[in-house]
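Let the sequences and hints guide you as you build the complete structure.
Taken in order, these protein sequences are the chains called F, Z, U and A.
Those letters in the first sequence? Residues 1200 to 1627, by the working numbering.
Those letters in the second sequence? Residues 1200 to 1627, by the working numbering.
Those letters in the third sequence? Residues 1200 to 1627, by the working numbering.
Those letters in the fourth sequence? Residues 1200 to 1627, by the working numbering.
Rather than coming from a laboratory, the hints here were simulated on the basis of the structure.
Please read all numbers here as calculations on a predicted model, not as lab measurements.
One thing to keep in mind: the hints can contain errors.
Any copy will do: because identical chains look the same in the list, a pair fits if it lies in one copy or spans two.
Capping the alpha-carbon separation at 25 angstroms, the derived lysine to any residue pairs in SDA-like fashion look like this [claimed, not checked]:
no.: 1; residue 1: 1358; residue 2: 1332
no.: 2; residue 1: 1605; residue 2: 1576
no.: 3; residue 1: 1427; residue 2: 1377
no.: 4; residue 1: 1264; residue 2: 1391
no.: 5; residue 1: 1305; residue 2: 1611
no.: 6; residue 1: 1240; residue 2: 1612
no.: 7; residue 1: 1230; residue 2: 1262
no.: 8; residue 1: 1264; residue 2: 1231
no.: 9; residue 1: 1298; residue 2: 1538
no.: 10; residue 1: 1291; residue 2: 1202
no.: 11; residue 1: 1356; residue 2: 1332
no.: 12; residue 1: 1264; residue 2: 1237
no.: 13; residue 1: 1516; residue 2: 1206
no.: 14; residue 1: 1264; residue 2: 1228
no.: 15; residue 1: 1239; residue 2: 1202
no.: 16; residue 1: 1356; residue 2: 1483
no.: 17; residue 1: 1488; residue 2: 1586
no.: 18; residue 1: 1527; residue 2: 1290
no.: 19; residue 1: 1298; residue 2: 1207
no.: 20; residue 1: 1356; residue 2: 1432
no.: 21; residue 1: 1358; residue 2: 1428
no.: 22; residue 1: 1262; residue 2: 1237
no.: 23; residue 1: 1264; residue 2: 1207
no.: 24; residue 1: 1264; residue 2: 1203
There are 4 protein chains.
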Amino acid sequence: MNQNDLSIFNEHESEVRSYVRGFPTVFHEAKGYKLWDLDKKEYIDFFSGAGALNYGHNDDNMKKKLIEYIQEDGITHSLDMASKAKGEFLEKFHEVILKPRDLNYKVMFPGPTGTNTVESALKLARKVTGRTNVISFTNGFHGMTIGALSVTGNAFKRKGAGIPLQNAVTMPFDNYIQNTNQEIEYMERLLDDNGSGIDTPAAIILETVQGEGGLNAARMEWLQAVEKICRERDILLIIDDVQAGVGRTGTFFSFEPAGIKPDIVCLSKSIGGYGSPLALTLIHPDYDKFAPGEHNGTFRGNNMAFVTATEALNYWKDDQLEKSVQEKSQRIQQFLNDMIKKYPQLKGTHRGRGFMQGIASEVDGLADKVAGKCFEHGLIMETAGPDDEVFKLFPPITIDDEGLEKGLAILQKAIEEVVAEEKDLVTS
Amino acid sequence: MNQNDLSIFNEHESEVRSYVRGFPTVFHEAKGYKLWDLDKKEYIDFFSGAGALNYGHNDDNMKKKLIEYIQEDGITHSLDMASKAKGEFLEKFHEVILKPRDLNYKVMFPGPTGTNTVESALKLARKVTGRTNVISFTNGFHGMTIGALSVTGNAFKRKGAGIPLQNAVTMPFDNYIQNTNQEIEYMERLLDDNGSGIDTPAAIILETVQGEGGLNAARMEWLQAVEKICRERDILLIIDDVQAGVGRTGTFFSFEPAGIKPDIVCLSKSIGGYGSPLALTLIHPDYDKFAPGEHNGTFRGNNMAFVTATEALNYWKDDQLEKSVQEKSQRIQQFLNDMIKKYPQLKGTHRGRGFMQGIASEVDGLADKVAGKCFEHGLIMETAGPDDEVFKLFPPITIDDEGLEKGLAILQKAIEEVVAEEKDLVTS
Amino acid sequence: MNQNDLSIFNEHESEVRSYVRGFPTVFHEAKGYKLWDLDKKEYIDFFSGAGALNYGHNDDNMKKKLIEYIQEDGITHSLDMASKAKGEFLEKFHEVILKPRDLNYKVMFPGPTGTNTVESALKLARKVTGRTNVISFTNGFHGMTIGALSVTGNAFKRKGAGIPLQNAVTMPFDNYIQNTNQEIEYMERLLDDNGSGIDTPAAIILETVQGEGGLNAARMEWLQAVEKICRERDILLIIDDVQAGVGRTGTFFSFEPAGIKPDIVCLSKSIGGYGSPLALTLIHPDYDKFAPGEHNGTFRGNNMAFVTATEALNYWKDDQLEKSVQEKSQRIQQFLNDMIKKYPQLKGTHRGRGFMQGIASEVDGLADKVAGKCFEHGLIMETAGPDDEVFKLFPPITIDDEGLEKGLAILQKAIEEVVAEEKDLVTS
Amino acid sequence: MNQNDLSIFNEHESEVRSYVRGFPTVFHEAKGYKLWDLDKKEYIDFFSGAGALNYGHNDDNMKKKLIEYIQEDGITHSLDMASKAKGEFLEKFHEVILKPRDLNYKVMFPGPTGTNTVESALKLARKVTGRTNVISFTNGFHGMTIGALSVTGNAFKRKGAGIPLQNAVTMPFDNYIQNTNQEIEYMERLLDDNGSGIDTPAAIILETVQGEGGLNAARMEWLQAVEKICRERDILLIIDDVQAGVGRTGTFFSFEPAGIKPDIVCLSKSIGGYGSPLALTLIHPDYDKFAPGEHNGTFRGNNMAFVTATEALNYWKDDQLEKSVQEKSQRIQQFLNDMIKKYPQLKGTHRGRGFMQGIASEVDGLADKVAGKCFEHGLIMETAGPDDEVFKLFPPITIDDEGLEKGLAILQKAIEEVVAEEKDLVTS
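Put into C-alpha cells, the structure is as follows:
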C-alpha cells in the first residue's frame, strides 16, 4: 500500500471506525511530535494516541532497546510466566516510581488495555468488600467492556451495551453543581443516609482529570475529600489514571499533588512507552486478594512493551521532565486564556490542567470545526465532552518549545478561520 | 536481571500471578518451539502462549518485517486512524483468508484482546436484535471482563466478578449429556416453548473446540444444527475462534469443516502472528451497525502487530501448513490413544482435535502432576477443564516432526513417572 | 348496577382485564360450586377462583363466623400486631395442620397474595445462604412482581416486566425431556460441574403440580430426588403450594405423598377459606432469619381472612375431605381418559392429578373453544399451558357428586360440539 | 383465645413480626379511632393501620353494607371477572372521584396491595417507553417485592432483597439539600447531560409526602417542576399515593393542590375503606397498553372490599370531610409546633402535612421512647424515617375533636415524661 487512499478502509473495515473519519488520510511514518501520511504531508501531533503516546512517537532510546530485544530473540509473549524483560520492569518501576513516592503497591498485569485494568479493579474491590455497588462520576470514562462501561457516563457509549448497565451509581464530579463543596456534601449525605437508596459501595472510581468527559480537572481539595469519604466508610478508592497518569498532568501519577494514596490505581496507555498495549493494576497489599488465576488474560505478558516501558522510566529518574511539563502547561494555559479573551465568539471556557487542557465552546459544533481546520493545516487534535464541545490539546509531554509553538500557531489560525466563517454564517 | 531468580516476582507482583507458579523459572530467549530460561535451560513449548503463538516464537520472516518497520519509524500506535500497516493487513486478510473461503465480513478492531472482541460481539448482537439474553455453553470460556465472564462457565472465574452475572443462559455443549442429538433437541425445546423461562436470545456464542473448558470438540453435525437453530429463529451465531482459530485445528477458522457461516467471528491470540496483542471482530455486513465510535479502545491500532499479522498470512497462501497440521494431528491423536491404552492407571479419555488435543484423567490431581513432571524434563504444557483434569497439548502449528516427537517423548516419560508414583502411593 | 351489562367495565377498566373477556357476564350471587349472573343464569364452577375457592363459594360455616366477627366489631386490619383472630388461626394451624404432619415451621405473613409469599421466600433464601441464584423450572408460575416473575417461565408474562429478568436459572421440570430420570441427572450434572456456568443456587423453587404451566404433575420420585439434590448441596427447597396446596391434590400440602420436608412453603389462594386475600410463608426455624420488619406489608393482618381461615381448618380435623377428594379425583381421571379415547380428534393427553386435572390438546385453539362452549352451557372452566393448550378442571374440592357429574356432562357436551365443528371446518 | 397472652405469637410466628413488638398486647375490638385489647384496655389510634384505616375502624355504614353483601351471598372472590360489586365501584369511583377532578384514567386492579400496584406501574412504564431505568427519590418507600424494593430507599429493607437492586436511580427529594430549587436543577442537569451516566428513565416515581421515609412533604412547586421535567422529556410521572392518598393530606389525591396530572397513580391502603386488601392502578388511556392478562393476580377481585370501597366514596360526595381534615390538620400543626417550642430538649423539627404530621427529633432513640410511652398511656403511634427519628401522627381522618384532643393530650404527657427521663439520664 503506497497510495494515500482510504478505499481499503471504506470497503473492508467496520462502520464503527471513527478517528479515520476525522483524520482522513493514511499515516505511515512518525517521530516525536510529528506524523507523516503517505503523501509525506507532515502533521503535528496534539493528540498523542489519546494519551498513549506521552513520550511521542518512536522515541529513539526505546526504539534501540526494542530492536535489540527483538534481534536477540527475547521472548515476545509470555502470559504471566516470569521473563527477564518483565522482571526488569517490575524492579525499575518499584525503584523509580513507587519507592520515591512512598507508595506501596503490588503490580497486577490484568491484560494490556485500559478497560482490562478497570475491570480487574472493580472485580477486586467487589471481591474484597463483599459489596456490589460502585460509585462513579458524571462524565467519567473507564472503558467499553460491560463492567467498565457500567461506570462510564457517556450516554452514546452506554447505549452500545444493549443491556441495562448495573451495579453502579453516578455522583456529581467536582464542580458539577458549581458550588464549592456541595458535591462532596451531597455525596456524604447520600452515603450516610440510611434512606437514600444508595447501597454502600465497594469502591469509588474516578479520574482526577476527566479526559473523554471534557477535560474536567478535579481540585486537589476535592480529591482529598473523596479520599476522606472512603477512609471513614471503608470504601476502596480506585484512581483510573489510564489517561491522566504517566506524566500527562506534570507528575507521574496525576493524584500526586493531592497527597492521596488510592487503594487501587489503574494504568495503561503510555505506561508501555512506545505505544504498545500494556496495563497495570496497582493494588495496596491489603487488598491483593485475587486467587492465582482468578483474573487472567492472554496478553498479560507483552514483553516488547516491558522493554520499552522499562526504558521509558528513565524519564522519571530526575525531575527534569516534570518541570518541563509544568512550565509548558502554563504556556498552554496562557495561550488558551488568550484565545478565549481574543475570540469571544468562541464562548469559550478554559478546561483541564497540565498537558490535558482545552477550550469548551458553547457554540454548537464549533469545537469540531476547529479540529477540522487544524487537520487541514497539519495539526492533529481531537474533541471531547458529552457533546464534543471541547477541543483538547494533548501534545506529547516530551514536545519541545518549537513544536508546541508551531502547534499553537496552527490552532490559533484554525480558530480565527472558524470564527470568521461563523460570522459569515450569521450575517448571510 | 541476569539471575534465574523469582524473588522480584514474589515481592512485587500480585498474588493473582498464576503460570509462573507452574513454570517457576525466568524465561528469556525463545525461538520456534523452544524457550530458554536465564540458566540457558531449554524447554519445548507445547503451550504456545495458550494459543497465541501458533507460529511459534519469533518467526524469522515476521521478525525481519517487524524490525524493518520499527527501523523506518513506521507509526506504532494509531488508534483507528488509517495507517499503511493496517491497510495492508486489511487487504491481505481479505485476499488470503476471506475471499477464498467465500466469507463476507467487515473487520472491526475492538481492542487487542480476546475479551475485547467477545464484548464487542455481544454488544453488537444485543444492539442489532434489541434482545438482551445470550446463550452460551457449559464449559465455554470467553474472557474475564464482565460481559465476557457472564458467558463463561468456570465457577472459579465467575466468582471473581463479585457481582451476579446476568443476561446469559447456559446450554449443554455437544456431548454433554452423552446422547447424540439430545443437547440440540433440548435446546430447541427450550427455545420454542413459550413457558420455558428462556428469553429468546440475541445470539448464541460458542467455541467449536473448548480450550480452557477441557478440550471438548463439537461434532460438525452439532455445529450445523446450532447454525440451523439460529437461522430458523433469527438468532445471531457468534463463533469465538480466539483459541481454536488461526489454524490451531488444521484450518484457518475452526468451523470451516462444518461449512457454517457465523454472523460474527471473534479472533485474537495468534492473529497477530508474533504474539503481540491484536483482535478482530468479523461482522456480516447486515449486522455492521455500530455507529462510529460506539465501541472503541486505545489499542485498536497496534501497527507492529499489523505488520507481523500480515506477514503471517503468507502461511495461508497455499494448503501446505493446513496439510501438515492435519497430518501431525493424527500423530498426536495416535500417541494419546496409545498412552491411554498403555497406562490404564491414567483412567484417561481422549479429548479435542487438531493441535488442541489432550487426555482427561479421572484421577484427581493427576493431570497437574503430569504437567509438573513435563516441566522438570523440559516441556511446557498446561492443564485445562473445570477441575484441571485435562493435560493439554498445544504445540506451535509450525512445529517440525523432530520437535513434536521430542515433546511427546518427554510427555510419555512424565506419564510413566507419575503412574509409577501413583502406584507407590496406593501401595504404601 | 342491576343490569347484566359490561359497558361499565369496557369503559372504565384497563385493557389488561382478562377473564371477563372469556366469561362475558356480570356475576353476583355465588354458593358452593354455583355462580349466578345478574340475569340469574346459573353456572357451575370448575374454576374455583384459579384455586382460591377450594371450599367453594361462601361456605355457610365460614359465613356465619365472618358475620359474627364483623358484627362484634372485631378488628379488621391489624398489620402485624397481635389480634385474637390471628392468634386463634396460628394456634389451630399448628394443631390441625403442622403437628399431625410432623412439620416444624414458623409462620410468616408476607402480605396477602401469592406473589408476596414467593418474594418473601426468595429474599429469605438469598439472605440466609448469601447466594443470589435461584433455580426454577420450565413452565413454573410464581407471580407477577419482579422477583417472582424472574422465576416464572411464561414468555408473555415475562415480557411484561420491561426489564431483563435476572438471578434465576431454568431447569427442565419432571418429564420435560420424556426420559425418566434424565432431568434429574442433567440438573445434578450442571450443579456439580464447576464449568457449567450455573452458579450454586440459594434455593430451588417449584410447584409439585404446575397449574398455570399446563397441569404438569411431578412424580413423587422426582420430588424426592430434587429434595435430595438440595440436601446434598445445602440448597434450600421452596415449595410454592399456592395453587396446589390446601387440599387441591387430595392432601393438605401437595407434597405430602412424596414424604419430603421443604425448607420453605408458600401458601395463599385457598388458605383464607372464603376467597379473601391471605398468604403464609412457612419457614423451617433454622432459616427464620429475617430481622423484625425486614420484610413487611400493609395487609399482613387481614383478620376477616383469619376468621374464615380458622373455620376452614375444621375440614382437616379428620380425613373425610381428603378421602372424598381422592375418590372424586379418580372419577375425573376416568372421565378425562374416556374423553380422550372417545374423541381422538382432540389429540388429547391427560394432565395433572387430584382436583387439578385436564386435557392437553394438540389441536391449535381447541382448548379455548371447549372452554368457550362450556361457558355457553353454564360451566366456568379455564385453559392453561404456555399456548393455552390445556383445558383445566378445577372444581371446588367440596363439590358433591351431583355437581361434579353435572359439570362433567356439560364438558362432554362442549367437547362433542367442538369436535363436530372442527370436523365441519375441515370438511368445508 | 381469650387471654391477653403473646405466647402463641412468640412460639409460632416468624421473627420477622414487628409491630407486635412495639404494641405488645392482643387486640380484638375496634371502632372508629379506638381499639381494645383482650383486657378491654382502650387505645386511641393515631396509627390507622399505617394509612389503611383513614376512615377509622369498622365504620358503621360500610359495616352494614358489608354484612348485607355477605348475607345475600354476593360473590366474594371473582378474579377479574365482572361482578355487580366491582361494576358499582368502578362507576362510582368515576363519578365521585375522577370526573369532578377532571382526571381521565383507566382503572387496573393489579392485585390487592401497595406493592402490587407499584410493580404494575413500573412494568407498564417500562413497557410503553421501551426504557428500563426508573428515577425514585431519597427516602422513598414503595414496597417489598423486588421491583418496588428497587425504588425504595431504606437500606435495611433493601438488604433484605439478598440481590443487588437494579434498574433504578435515586435523586434527592425536595428539600434534601436544603436549597430551594437545587434538587430540581440537579435532576435536570443529570437528565440533560449526555455524559451523566443517568440513562433516560421510563418514569419518575414519587410520594408527595413520604410516609415511611420520615414525613417529608414536597412543596407544590417542586411537584410541578417534576411534572414539567417529565413532560419535556417524555418521561412518565407515577405518583405513589398508596399512603398519602384517599384523603390523608386533606384532598382525595395528595397531589391535587399542585394541579398536576400524573400518568399513573398507585392507590391502595384506605381505598377499600374498611381495611380490606384492595389496590388500584390508575392509568392515563394513552398508556393503557398491557395486553389482556399480561399482569394478573389471584386477588384482583376482592368483592367485599369493593362493597366497602364504594360505600366509602360517599365521604367524597361533598367537601365536608376535606374541610374537616384541613382544619384539624392546622390544629395538629399548631400542637406540634407548640411541643417543639415548649420542649427544646426534643431538638424537634416539624414534618409533614395534613394528617401525616410529626416531629423529627435529633435525639437518638427519643422518637421510639415517645411512642413507647404513648402506648403505655393508651395511644397507638408509630415512628418513621431512616433512623426511626420521627414520631408520626396518623389519626383516622374521620376522628372528632374529642378524640383528637385526647390523643394529643396523651402525646404531650408522653413527651413530658420522656424529656424528664432524658434529663435524669444526663444528670446522673
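Hint check results:
1. 1358 to 1332: both (20 angstroms within a copy, 12 angstroms between copies)
2. 1605 to 1576: Cα proximity of residue 1605 and residue 1576: one copy only (11 angstroms, versus 61 angstroms across).
3. 1427 to 1377: Both ways: residue 1427 and residue 1377 sit 21 angstroms apart in one copy and 23 angstroms across, limit 25 angstroms.
4. 1264 to 1391: Classified as neither: same-chain Cα gap 53 angstroms, cross-chain 50 angstroms, threshold 25 angstroms.
5. 1305 to 1611: Classified as neither; 45 angstroms inside a copy, 39 angstroms across copies.
6. 1240 to 1612: within (18 angstroms within a copy, 62 angstroms between copies)
7. 1230 to 1262: For residue 1230 and residue 1262, both the intra-copy (11 angstroms) and inter-copy (22 angstroms) Cα distances are at most 25 angstroms.
8. 1264 to 1231: Classified as both: same-chain Cα gap 17 angstroms, cross-chain 22 angstroms, threshold 25 angstroms.
9. 1298 to 1538: Answer is neither: 41 angstroms inside a copy and 53 angstroms across each miss the 25 angstroms cutoff.
10. 1291 to 1202: between (43 angstroms within a copy, 16 angstroms between copies)
11. 1356 to 1332: This pair counts as both: shortest intra-copy Cα distance 20 angstroms, inter-copy 16 angstroms.
12. 1264 to 1237: For residue 1264 and residue 1237, the Cα distance is within 25 angstroms only across copies (19 angstroms; inside one copy 27 angstroms).
13. 1516 to 1206: Result: close only across copies, 24 angstroms inter versus 46 angstroms intra.
14. 1264 to 1228: Answer is both; intra-copy 19 angstroms and inter-copy 15 angstroms each pass.
15. 1239 to 1202: within (11 angstroms within a copy, 46 angstroms between copies)
16. 1356 to 1483: The answer is between: 22 angstroms across copies meets 25 angstroms, while 31 angstroms in one copy does not.
17. 1488 to 1586: between (40 angstroms within a copy, 21 angstroms between copies)
18. 1527 to 1290: neither (31 angstroms within a copy, 42 angstroms between copies)
19. 1298 to 1207: between (49 angstroms within a copy, 15 angstroms between copies)
20. 1356 to 1432: Only across copies: residue 1356 and residue 1432 sit 20 angstroms apart there, 31 angstroms inside one copy, limit 25 angstroms.
21. 1358 to 1428: between (31 angstroms within a copy, 22 angstroms between copies)
22. 1262 to 1237: both (22 angstroms within a copy, 24 angstroms between copies)
23. 1264 to 1207: between (34 angstroms within a copy, 21 angstroms between copies)
24. 1264 to 1203: This pair counts as between: shortest inter-copy Cα distance 21 angstroms, intra-copy 31 angstroms.
The structure fails hints 4, 5, 9 and 18 (numbered hints given earlier, in ascending order).
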